[in-house]
Amino acid sequence: MKRFLPLLLAGTILAGYPAVAQNAAPEIPFDGDVNFLKTPNDVYLGEVGGVATNSKGDVFVYTRTGHPFVTLGGSRNFAHGGSQLFQFDRNGRFVREIGKDGYGFMFANQVRVDPQDNVWVVDQMTNMVIKFDPQGRVAMLLGRKAESINIPARPAGAGGGGEGGGGAAGAPGAGRAQDVFDRPTDVAWDAQGDIFVADGQGNARVAKFDKDGKFIKSWGQKGTGPGQFDNVRSIAVDPQGNVYVADGNNHRIQIFDNNGTFKSQIANIGNPQAICMTPGANPMLYVSDSNPPNDIDKAGQIYKMKLDGTIVGKFGRAGKMPKEFGTVNAIDCRNDNNLLVGEIGNLRVQKVTLHPAG
Amino acid sequence: MKRYLISTCAIALMVCVAPASAQLKATIQNVPEISFTSVPNFLKPPPGEYLGESVAVATNSKGHIFVYHRSAPTSKLWEFDQNGNFLKEIGKGYYGFEFAHSVRVDPQDNIWTVDEGTNMVTKFSPDGKVLMVLGRRPPAIGGAVATRTGPNPPAQKYIFCRPTDVGWDPQGNIFVSDGYCNNRVVKYDPQGRFLAQAGSEKPGKGLGEFNLPHGMQVDGKGNVWVADRSNFRYQVLDNNLKPIGEITNLGVGWTICISQGPHQYVFQSNSNPNGNVPGSWDITGEIYKTELDGTVIGKFGHPGKLPPNFQVVHMMDCRDPNQIIVGEIESWRVQKLVLKQPTAKAASAQ
Numbered sequence: 002m003k004r005f006l007p008l009l010l011a012g013t014i015l016a017g018y019p020a021v022a023q024n025a026a027p028e029i030p031f032d033g034d035v036n037f038l039k040t041p042n043d044v045y046l047g048e049v050g051g052v053a054t055n056s057k058g059d060v061f062v063y064t065r066t067g068h069p070f071v072t073l074g075g076s077r078n079f080a081h082g083g084s085q086l087f088q089f090d091r092n093g094r095f096v097r098e099i100g101k102d103g104y105g106f107m108f109a110n111q112v113r114v115d116p117q118d119n120v121w122v123v124d125q126m127t128n129m130v131i132k133f134d135p136q137g138r139v140a141m142l143l144g145r146k147a148e149s150i151n152i153p154a155r156p157a158g159a160g161g162g163g164e165g166g167g168g169a170a171g172a173p174g175a176g177r178a179q180d181v182f183d184r185p186t187d188v189a190w191d192a193q194g195d196i197f198v199a200d201g202q203g204n205a206r207v208a209k210f211d212k213d214g215k216f217i218k219s220w221g222q223k224g225t226g227p228g229q230f231d232n233v234r235s236i237a238v239d240p241q242g243n244v245y246v247a248d249g250n251n252h253r254i255q256i257f258d259n260n261g262t263f264k265s266q267i268a269n270i271g272n273p274q275a276i277c278m279t280p281g282a283n284p285m286l287y288v289s290d291s292n293p294p295n296d297i298d299k300a301g302q303i304y305k306m307k308l309d310g311t312i313v314g315k316f317g318r319a320g321k322m323p324k325e326f327g328t329v330n331a332i333d334c335r336n337d338n339n340l341l342v343g344e345i346g347n348l349r350v351q352k353v354t355l356h357p358a359g
Numbered sequence: 196m197k198r199y200l201i202s203t204c205a206i207a208l209m210v211c212v213a214p215a216s217a218q219l220k221a222t223i224q225n226v227p228e229i230s231f232t233s234v235p236n237f238l239k240p241p242p243g244e245y246l247g248e249s250v251a252v253a254t255n256s257k258g259h260i261f262v263y264h265r266s267a268p269t270s271k272l273w274e275f276d277q278n279g280n281f282l283k284e285i286g287k288g289y290y291g292f293e294f295a296h297s298v299r300v301d302p303q304d305n306i307w308t309v310d311e312g313t314n315m316v317t318k319f320s321p322d323g324k325v326l327m328v329l330g331r332r333p334p335a336i337g338g339a340v341a342t343r344t345g346p347n348p349p350a351q352k353y354i355f356c357r358p359t360d361v362g363w364d365p366q367g368n369i370f371v372s373d374g375y376c377n378n379r380v381v382k383y384d385p386q387g388r389f390l391a392q393a394g395s396e397k398p399g400k401g402l403g404e405f406n407l408p409h410g411m412q413v414d415g416k417g418n419v420w421v422a423d424r425s426n427f428r429y430q431v432l433d434n435n436l437k438p439i440g441e442i443t444n445l446g447v448g449w450t451i452c453i454s455q456g457p458h459q460y461v462f463q464s465n466s467n468p469n470g471n472v473p474g475s476w477d478i479t480g481e482i483y484k485t486e487l488d489g490t491v492i493g494k495f496g497h498p499g500k501l502p503p504n505f506q507v508v509h510m511m512d513c514r515d516p517n518q519i520i521v522g523e524i525e526s527w528r529v530q531k532l533v534l535k536q537p538t539a540k541a542a543s544a545q
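Chains as they are written, first to last, in this note's numbering: chain A, 2 to 359; chain B, 196 to 545.
Here chain A stands alone, though its shape is the one from the complex (with noise of 0.2 Å):
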């Protein structure tokens, strides 16, 4: 505990300071194309859940594409569809759709591409993190989607009906020592391959697994000191194996050991949405402080930070047209400074060219 006090005192102390370090923050100039991602007609993108690319520049696009749906005339009520996962080539020329009709989409919330060209899908209504390998075949599941649907729905976030429903257990939002998720919102890897999943808005904890898919522990539950999360929204591993966690409606992001200790926090980037870790040895952090869903009026901008929480710099603001944001949830930094950001708002994957001074 004496250990830990220092470090919460000085992530108090940059939270002191949100404010001025907005204002410093100076802007980055920049450049967006709404159009790089060229669609065939008949195929439309809903929500942009999650954007990510390959090692050969491939793009995908998991998507909420709409129009779930639930049969009618069964013993139980049961739910599938909404979501679809897309990919483009590096010139954004359309490839195919992976996984069509896949039990796992219904609710797409983001997809990743580990250091091996697998293609991770985290889908926040089945509960499961789908991982495919570079042929689009299914290679591991996380996470099992409810056999059956509530009508009238549960809240949300009290899982489905039937075996394999999310639940609680312990402190509210810990969850339970398995595998069994409670809509999450991202993964990620360290390098040795554990995997670590942000789990999510239902519960509120990140679950650490082994390369193979073997639980090894959580961390996490309701609340907001240390430690704490109000919702689980994105995730990143540093190359030393350090977790970040995007705490929204917290304001901050929390930064742990690879073991889930509490290190620090970073509180001056408003309220995180989407975070993306550049590779490499000296790794530089976008985050989007995305405005909500229903308000074009507020936030918007990504800043672009040290992974001490320097900021170097932000761009972007809500809105509509090119250049702005609408509530973005995904951001590949494979590249630094060329970006592909996905927006719930305006259904669409933005290509963004930074132009940094010198």
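Worth flagging that the hints you see were computed from the coordinates, not collected in a lab.
Please note: incorrect hints may appear among the correct ones.
According to the in silico footprint, chain A covers these stretches of chain B (three or more CB under 8 Å from chain A) [said to hold, decoys possible]: (1) 286-300; (2) 320-327; (3) 339-352; (4) 383-394.
If you only want the chain A side, here are some residues facing chain B, beta carbon under 8 Å, derived [unchecked claim]: (5) Asn42; (6) Arg65; (7) Thr66; (8) His68; (9) Gly83; (10) Phe108; (11) Gln125; (12) Ala154; (13) Ile217; (14) Ile297; (15) Leu308.
Here the structure is a predicted model, which means the values were calculated and not measured.
All C-beta atoms, glycine included, are put in the ideal place defined by N, C-alpha and C.
Using the hints, position chain B against chain A.
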């Protein structure tokens, strides 16, 4: 008038609709009839496919016809050429399509859809790409929701509640009528930023208040015309959404269309009510043609199941004021009407 009273009483004995029927009937009298012909089988859908409830119809500058109709598994937006030949479907599977209410084409030939199931207004480029979205579909993560009852929650700047129509002023500002559960008209700038609203989530009877603003168009001066359906009137607002006046003698106020060009005409439909209430065919269903100053030029059309009669006209295209394209709910049909000149002198407006 005597005959009307007798029939109303007869209806009242059966279904007690006398008060509503009395309001449905337009009070204006001595309006000249405009004769017209309906082009038979004007639209040719693809083989094996069908129009559903054809609630929305619009043309672009080339005369292409866009029909946004309630089909399955979702509503569909179809484009036809000027001769009614099918060209293509736009927005197949699109996130913002569920339950059609309006389609309009702006001066740049962009196609705007209003969907009262997804609460989304979408701007498509002429080749069918999404350019702008207003409103947000309720996220599916909420699960299957029970039908809401009780008062509407406060209206939000950027969220609609069963919106009904869209229009633009000459500067490109965007106007949305919203709708079945909100009761307001909202103005956005051309970039989609909120500027102003008239009305609120609450229904009201005063000027600047609405009870189901169901159709809306903006004239060349930037004034906003609203079919205030459940108030049985039309309201005219200035460009900042301050009320200018109301029109109460043309019936129910179901939908409205304003023609283009330097001399604009207004078409207003006293559509027959859904369900074909007994007696309603006798007192509703006509479309009025008026001047912007309210002078009524003439009227045309009657309810009926078969062409050239109407089954609940839901929307009109009047780009050419002598060729009206009407979309009907209960006949799953779009008719092209060729108007002739009115047969008698114009009546006064009020």
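Hints and how they fare:
1. 286-300: n = 8 at 8 Å, threshold three: holds.
2. 320-327: holds (count 4)
3. 339-352: That given contact holds, which follows from 5 residues of the region 339-352 of chain B lying within Cβ reach (below 8 Å) of chain A.
4. 383-394: holds (count 4)
5. Asn42: 6 Å, holds
6. Arg65: With Cβ-Cβ at 7 Å, under 8 Å, it holds.
7. Thr66: 6 Å, holds
8. His68: 6 Å, holds
9. Gly83: Status holds, d = 5 Å.
10. Phe108: 5 Å, holds
11. Gln125: With a closest approach of 6 Å, the A/Gln125 hint holds.
12. Ala154: It holds, given that the least Cβ distance between A/Ala154 and chain B is near 3 Å, below 8 Å.
13. Ile217: Given a least distance of 28 Å, the restraint on A/Ile217 is violated.
14. Ile297: This interface hint holds because 6 Å falls under the 8 Å limit.
15. Leu308: 32 Å, violated
Of the numbered hints stated above, those contradicted by the structure are hints 13, 15, listed in ascending order.
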